[in-house]
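> This is what each chain is made of:
Protein chains: 2
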Amino acid sequence: MADATTAPRTSRVRSWWGWGWADAHPDDAECAAMGALLPGALARPLPIPRVADLDIGRPAVEPPHTLAHLVTADPDVRAAHAMGKAYRDVIRALRGTPGRIPDLVAYPVGDQDVTELLEWACDHRVAVIPYGGGSSVTGGVEYRGDAHRAVLSLDLTAMDRVLEIDADSRSARIQAGVLGPALEDQLRPHGLTLRHFPQSFEFSTLGGWLATRAGGHYATVHTHIDDFAQSLRVVAPAGVSDSWRLPASGAGPSPDRFFLGSEGALGVITEAWMRLQERPHHKASASLSFTDFHAALPAVRAIAQSDLAPANCRLLDGGEAALSGAAQDGSAILVLGFESATAPVKARLAQAVDLARAHGGRAAEPSGAGNAAGAAVGAWRSAFLRMPYLRDGLARMGAVAETFETATTWERLPALVDAVRTEVGAAAHKATGHPATVNCRLTHVYPDGAAPYFTVLAAGRPGDEVSLWDDLKAVASDVLHRHRATVTHHHAVGRDHRPGYDRQRPEPFALALRAAKGALDPHGILNPGVLLD
Amino acid sequence: MADATTAPRTSRVRSWWGWGWADAHPDDAECAAMGALLPGALARPLPIPRVADLDIGRPAVEPPHTLAHLVTADPDVRAAHAMGKAYRDVIRALRGTPGRIPDLVAYPVGDQDVTELLEWACDHRVAVIPYGGGSSVTGGVEYRGDAHRAVLSLDLTAMDRVLEIDADSRSARIQAGVLGPALEDQLRPHGLTLRHFPQSFEFSTLGGWLATRAGGHYATVHTHIDDFAQSLRVVAPAGVSDSWRLPASGAGPSPDRFFLGSEGALGVITEAWMRLQERPHHKASASLSFTDFHAALPAVRAIAQSDLAPANCRLLDGGEAALSGAAQDGSAILVLGFESATAPVKARLAQAVDLARAHGGRAAEPSGAGNAAGAAVGAWRSAFLRMPYLRDGLARMGAVAETFETATTWERLPALVDAVRTEVGAAAHKATGHPATVNCRLTHVYPDGAAPYFTVLAAGRPGDEVSLWDDLKAVASDVLHRHRATVTHHHAVGRDHRPGYDRQRPEPFALALRAAKGALDPHGILNPGVLLD
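Line by line, the protein sequences are chains A and B. Note that my numbering has the first sequence beginning at 12, numbered continuously upward. Note that my numbering has the second sequence beginning at 12, numbered continuously upward.
Here chain A stands alone, though its shape is the one from the complex:
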């Protein structure tokens, strides 16, 4: 066991209304320049919204005396906790109509605080919304409805420490409120990493990842956080659930798998023992081009069905490839990457490149591990991290720029991708009077299928953006349902995906989940409306 170091803090300011850091948003001129490229954009950007302009009101409840030091009613803090960071949330902030502002925001520093806050909330009919980094893009951290007397946002980010490291078993006990960078900073001195890098890495927490079954950056085998959870500590109104630290167990249905993906509706994940990895130092990457997205699928499938286990196996369609600068001629680009802490990976990369070539791929460079591929990966990665900021800039120009993702079997994938492009594109064109762009990439691949990630870029419907997006999302959801593709591969259900989720979830499982919720949260205070009504 080793002592953990304290996480460093930052002095940068988070945006209350949009993605990430306030100082990283494109300025008015950049927004206008982007808007000039889009038909139907506004002439000038919507102004950055100010909390002072909101009608926030006073909290409907007072925090209990004994917990008052953990709770704030500061309007800026309350506004920043009102919603997640979906396009839908950003546009509501820009239009001055955010979701319901929570009455109070609490920052517990330990499990006992969480227990006492939940007890108080049960007694006073206060809805409790667990809140990590606030990066939900599915309405996971806002309150909708009026069945509760007040709303408390339960911000876990003061619980941000690695508490214990078991080097033998390569695992660590970690508080749920730690953000990605602070977690890795605390593991790095031990030569270890969780190696979980979602796009939201800077702005999301371990607890959020666990509660939403987050997907990481790596393309195969252990794609979701689920597989890295060794044990969970969950505080519910009915009690504290502590599972044992086990490498594997066959003792009944897994308690951890039951709380993974529970999105704060069954309990508050406060701590977890996580499986760690040695930091990989053998790396190699390559990219290949194909005439188009569909032509690349047999190659991607062959690699996914091999046991080569690439860390990266990302297929960009022509539109994605063009946006990221990887190809401008409509070609699809397959980016392959291998990583290992154990042994060199060039032979595995070469085998994967051979498989891709055998299925029609043209290698971008003969060695398969040159600098050009590395540069392409780097360019793509920085564009990827910049993307949400650009989305917010486009939203300020009245345009729709949003993503959604899914997963389906290989057999169903080609028709699904075609249907999403066609039907969502047509719906956006019809609704806005302008042609829309629907791009696709594969982010994660499996022996039995893959996860396509769609980006929609469309003109807006000024003043009516939310219902426009809701309409487009309903079209997308309908296509997914018809093709039996999951309502989400790694963005969670939240409130926005409820209609699709309710249709997808087997009814007997819904019965079981409702009964379990009733047993764990008998007053129905935990994240009401998420997963269940």
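Since the hints were derived computationally from the structure, they do not count as laboratory data. We treat Cβ as the ideally placed atom computed from N, Cα and C, and that holds for glycine. Misleading hints may appear alongside valid ones.
[Unchecked claim] Distance condition first, Cα-Cα at most 27 Å in a straight line; then the derived DSSO-like pairs of lysine-lysine:
| id | chain 1 | residue 1 | chain 2 | residue 2 |
| --- | --- | --- | --- | --- |
| 1 | B | 294 | A | 357 |
| 2 | B | 357 | A | 294 |
| 3 | A | 357 | B | 357 |
| 4 | B | 294 | B | 357 |
| 5 | A | 294 | A | 357 |
[Unchecked claim] Taking CB as the label site, the calculated pair distances span:
| id | chain 1 | residue 1 | chain 2 | residue 2 | range |
| --- | --- | --- | --- | --- | --- |
| 6 | A | 199 | B | 444 | 42 to 50 Å |
| 7 | A | 291 | B | 303 | 29 to 37 Å |
| 8 | B | 238 | A | 199 | 25 to 33 Å |
| 9 | A | 178 | B | 305 | 12 to 20 Å |
| 10 | B | 160 | A | 425 | 49 to 57 Å |
Let chain A serve as the given structure and place chain B on it in line with the hints.
Chain B only, in chain A's frame:
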């Protein structure tokens, strides 16, 4: 989609009282020869028990007219369905005191039959025990108690077909009642395999594997059946649950993970889409020796924490190595095996052997892939499959020969193994007056821990074998609990592991599970006593 072939049937007869085929049991002379090696054994074997000697009685209920063609009250069939195949079950059969004989045995041929049988059972307060191959070693398929009017054993083995194969997505829709060999026979013409080979392979079914979270033969990564389930069909009194076929999903807690391990208490798994693999044709194996079991652990851990992913990584302690003929000098033997359908595996084997040598291993042969290692693996494997028959022979000689398994983190493993050896060995010595043997092997290894499998060989307590074994099991269970090692890695909870399971399971999860059971099985007819009271 391809049509599946019909599974071939066998004419061999299953033993009603012991493991496997009736014609494969050691005869009286073999039993006596084994007994002669053991202090305290009986002078002659207990006779093979006959169903005719049991007081079976008439069924307490009649099957409904519409379902009568699926149901039998034949005494031989009823007796064969009374228990699983643990030592505890075998000795009860030998002593003429088997568990409660079910009143009826039903053989549904489709989901609708299962639904109607459950409806009838609810109406008539009949307990329903789902039954696959009947190989449970934890009391998973017997009825205990008297809260029901009658007991129906629901034998799924007439539902034994591969119904559909999706070659693109390398998956198949399979009925739950298919036994291992018949399943592989139906997949082989397609070049595919489920590649799940538990010790009970011949005598266990897909549905049983799923309901108990069975462990397969392979040592790393996807060790349990869980990871191969793409979707499940589960028939419960509250309705039929059909999950979607998805390669991965982040939509709420996984419905499949909720039914995996539910042991027939939440519903009857009737069908599943399973992920398949190409048959591996690249294979290589090697074995290494170490001064003793503990000296080998750093090597095994290094291999488990690499990304080499051996198919086999089995560590035999001195006693296990001696029994299997791998070493006679007390050395521990590590058997490594690699398999791939994609690429040669000799380089991976060489890397693993290098790691083992760097941690003190002595390679049995320099090439690391020679015939000697192959022969050792082959010898071990046939001894492994013969083992349960020998256990039954020893039981006939009044001796205790039984196994149990667990899993724990690397940090806790050495002390756990020592404590099990010492405490279970001492308890057996004290109870029987003769020294006992407690051997250990590691069957599955993980980056964060491993699964030790213990074999206990002890003199009996003639006429009192069941309570002797229960006493030893209670000592073992207590050691596991103190060391926070799971009550079972892959043998399920059943009824025998309930005390340990109840202590291990977090109480809030127990609340949730009880509530879910109430919603899915409101009359409490499904496998009562398993997982929950």
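> All the hints need checking, so say for each whether the structure fits it.
Verification of the supplied hints:
1. B/294 - A/357: holds (22 Å)
2. B/357 - A/294: holds (22 Å)
3. A/357 - B/357: Holds - the C-alpha atoms of residue 357 of chain B and residue 357 of chain A are around 16 Å apart, at most 27 Å.
4. B/294 - B/357: holds (8 Å)
5. A/294 - A/357: With Cα atoms ~8 Å apart, residue 294 of chain A and residue 357 of chain A stay inside 27 Å; holds.
6. A/199 - B/444: 42 to 50 Å: violated (58 Å)
7. A/291 - B/303: 29 to 37 Å: At 33 Å between Cβs, range holds.
8. B/238 - A/199: 25 to 33 Å: Between residue 238 of chain B and residue 199 of chain A, where Cβ atoms are some 30 Å apart, the hint holds.
9. A/178 - B/305: 12 to 20 Å: Holds, at about 18 Å.
10. B/160 - A/425: 49 to 57 Å: holds (55 Å)
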